[in-house]
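Novice: Be aware that the sequence shown starts at 306, since it is given in this note's numbering, and climbs by one per residue.
Hints in this document: simulated from the structure, not taken from any laboratory.
Here the structure is a predicted model, which means the values were calculated and not measured.
Each hint can be trusted.
What follows is a list of derived Cβ distance ranges for each label pair:
(1) G417 - A313: 27 to 37 Å
(2) K329 - G352: 15 to 25 Å
(3) N421 - S390: 15 to 25 Å
(4) P415 - G349: 17 to 27 Å
(5) R342 - G417: 16 to 26 Å
(6) Q321 - K405: 15 to 25 Å
(7) A313 - A409: 18 to 28 Å
(8) P415 - Q321: 12 to 22 Å
(9) P401 - R365: 26 to 36 Å
(10) S351 - K431: 12 to 22 Å
(11) K422 - T311: 25 to 35 Å
(12) S416 - T311: 29 to 39 Å
(13) G417 - E314: 33 to 43 Å
All residues carry an ideal CB built from backbone N, CA and C; glycine is no exception.
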Amino acid sequence: MPALVTTAEQAIENIQSFFKNPSKYGSVLWNKPSQVRGWYAVKGDSGWVFGPSRIIGYERAELRRWLSGADEGRIDGGATQNQLSSWFRPLDSKEPLYAKLRRALENWLPSGAKFNKAAEIYVLAKEVHEN
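Can you make the complete structure from the sequences, with help from the hints?
Specialist: Here it is as structure tokens:
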């Protein structure tokens, strides 16, 4: 299995990279966000930025291998979510921050894309208490 991120900083860098150029990471995740079950959010310079666990939970070198097809089929969103749970916590859908981030995420996704109703939104544990 590809190597998972080992620090919150690596995951944050991956989120920021994905958010800047999502189509670079494969059309399936960008064009079919209904397949994403875990969205991770961090505050960027101009607002919240998002990335799916299946992408942001792996080290960058491993992502390059996957994108080239070398590790196709070996990417496991469950493994990444387990690893990311060390630094991120899911938001409860009743929290005001959840509604704010869900709207921001839906506005950012491609026009006509459907959000997975079972998907969760995760933020850094410290941001749950700050907002």
